[in-house]
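Enquirer: Residue-level listing of the chains:
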Amino acid sequence: MVSAPSSDGLIYVPPGVTRSAKIVISGSFGVGKTTFVGSVSQIPPLRMEERITQASAGVDDLARAPRKTTTTVGLDFGRLHLSDALVLYLFGTPGQDRFRPLWAGLTEGALGALVLVDTRNLEASFEILALHEAQGTPYAVAVNLFDGAPYYQLDEIRQALDLDPETPLTTCDAREGGSGVLALITLCEYLSHQHAPAHAPAHASVLEPRP
Amino acid sequence: MSGPRRDPDLVRPYVRTDGRVRAHPDVRLETVVLAASGPSAGLGADARAVMGLFDRAGGGGLAVADIAAALEFPPSAVRIIVSSLIDEGLLTRPVPAGAGQPETDLLQEVLRGLRALV
Ligand SMILES: Nc1nc2c(ncn2[C@@H]2O[C@H](COP(=O)(O)OP(=O)(O)OP(=O)(O)O)[C@@H](O)[C@H]2O)c(=O)[nH]1
Ligand SMILES: [Mg+2]
Chain R
11 MVSAPSSDGL
21 IYVPPGVTRS
31 AKIVISGSFG
41 VGKTTFVGSV
51 SQIPPLRMEE
61 RITQASAGVD
71 DLARAPRKTT
81 TTVGLDFGRL
91 HLSDALVLYL
101 FGTPGQDRFR
111 PLWAGLTEGA
121 LGALVLVDTR
131 NLEASFEILA
141 LHEAQGTPYA
151 VAVNLFDGAP
161 YYQLDEIRQA
171 LDLDPETPLT
181 TCDAREGGSG
191 VLALITLCEY
201 LSHQHAPAHA
211 PAHASVLEPR
221 P
Chain L
24 MSGPRRDPDL
34 VRPYVRTDGR
44 VRAHPDVRLE
54 TVVLAASGPS
64 AGLGADARAV
74 MGLFDRAGGG
84 GLAVADIAAA
94 LEFPPSAVRI
104 IVSSLIDEGL
114 LTRPVPAGAG
124 QPETDLLQEV
134 LRGLRALV
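Chains R and L supply the protein sequences, listed in that same order. Per our numbering, residue 11 is the first one in the first sequence, and the count goes up by one each step. Per our numbering, residue 24 is the first one in the second sequence, and the count goes up by one each step.
FYI, nobody ran anything at the bench for these hints, they're computed from the structure. Treat the numbers as computed from the prediction; the structure is a model and nothing was measured. Be aware that one or more of the hints could be misleading.
Far from chain L, by Cβ distances over 10 Å, these chain R residues were calculated [claimed, not checked]:
| hint | residue |
| --- | --- |
| 1 | Gly19 |
| 2 | Pro25 |
| 3 | Leu132 |
| 4 | Gln145 |
| 5 | Ala159 |
| 6 | Cys198 |
Label pairs and their calculated CB-CB ranges [as the list claims (entries may be wrong)]:
| hint | chain 1 | residue 1 | chain 2 | residue 2 | range |
| --- | --- | --- | --- | --- | --- |
| 7 | R | Ala170 | L | Asp78 | 49 to 59 Å |
| 8 | L | Val44 | R | Pro54 | 30 to 40 Å |
| 9 | L | Gly112 | R | Asp107 | 33 to 43 Å |
| 10 | L | Gly61 | R | Thr63 | 42 to 52 Å |
Using N, Cα and C, we set each Cβ at its ideal position, and we do this for glycine too.
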């Protein structure tokens, strides 16, 4: 379904695609966001470079106006060709907290976010969850299973992260595309239940035949 | 990164030449655009670079993010350039098949597509 790249490496969205959707892959520093995007994407993952300007007050700046520095932030993304008419873009958020100002542009219009967490540093995820909540981005959480990371029951993790009872919590291996797709399905099932009109059975999608 | 870097302050010269300072709110990173035909005289260098990506598109599209990655332009600048090129009729958004009919639920379409992969 994905066409071959043109001579300059561009892989076009096929003619006939009329809709595009976006899911954000978020999480704290080093949880595997770039790995996840790369293994799930059907095109080689791409990178954009955004520039942000930040005030930086160094010691010798105290007497003067704060100096502005421009930083380049790499943003990874990938693409799935889900049907003849639909593409799904996956965007990884930058891990470092000083790049949080970029989040608004990434999450704007997203179906939702998949938050990757690492059991070796669950506390680092609190801020990420709080940011999504503040921005009104619905999310599911996936524990990225690192080799040698401590193993906890999911309900222990749910408690540690103080997740709402309805927030999906699953596991994945970010290096494995199939596992990533399952985590995305978990997120989208949750989102579709949220959107379901009150009179429709919330679990109707379960009855759909598996291809 | 090899080769010469682009102008580190892309947005400003563009804005100066074209007057558009903001992107359309619905021209986002994942928004797909296609080439349309229209008068392309007088385009700035950045806009011409964007249009040049469509030379071999064969009717295919690119999202704002794809354009930003291919040209090494900041995505915030590409959103503005693409918005302007839509205004000028040089780029267009794909028209949904069966326009006028109620669209099927986007999430259900995404779910169906994802389930087909497992
Ligand atoms: N064992 C194991 N290693 C992983 C997994 N996912 C990622 N890694 C490794 O963890 C490191 C960090 O992964 P990245 O994908 O770069 O993480 P990131 O979240 O994009 O990091 P930042 O963008 O810097 O925040 C890399 O060396 C990966 O190879 C996993 O599921 N299992
Ligand atoms: Mg990364």
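Enquirer: Return holds or violated for the Cβ distance of R:Ala170 and L:Asp78 against the range 49 to 59 Å.
Expert: 53 Å, holds
Enquirer: Between L:Gly112 and R:Asp107, does the beta-carbon spacing fit 33 to 43 Å?
Expert: Cβ of L:Gly112 to Cβ of R:Asp107: about 42 Å, so the range 33 to 43 Å holds.
Enquirer: Against the range 30 to 40 Å, how does the distance between the Cβ atoms of L:Val44 and R:Pro54 compare: consistent or not?
Expert: 34 Å, holds
Enquirer: In this structure, is the beta-carbon distance linking L:Gly61 and R:Thr63 contained in 42 to 52 Å?
Expert: 34 Å, violated
Enquirer: Against chain L, does R:Gly19 keep a CB gap of more than 10 Å to every residue?
Expert: Contrary to the label, R:Gly19 does not stay out of reach of chain L, its closest Cβ about 8 Å off (not over 10 Å).
Enquirer: Does R:Gln145 really sit off the interface, with its C-beta more than 10 Å from all C-beta atoms of chain L?
Expert: 14 Å, holds
Enquirer: Just want to verify: R:Pro25 was marked as not at the interface with chain L; is every Cβ pair farther apart than 10 Å?
Expert: 4 Å, violated
Enquirer: Beyond 10 Å from chain L, beta-carbon-wise, is R:Ala159?
Expert: 25 Å, holds
Enquirer: Far enough from chain L: is every CB of that chain over 10 Å from the CB of R:Leu132?
Expert: With a cut-off of 10 Å, R:Leu132 remains clear of chain L, as the shortest Cβ separation is near 27 Å.
Enquirer: Quick one: work out the minimum CB distance from R:Cys198 to chain L and report holds if it exceeds 10 Å, violated otherwise.
Expert: 5 Å, violated
In this structure, the earlier hints numbered 1, 2, 6, 10 are contradicted, and the remaining ones agree with it.
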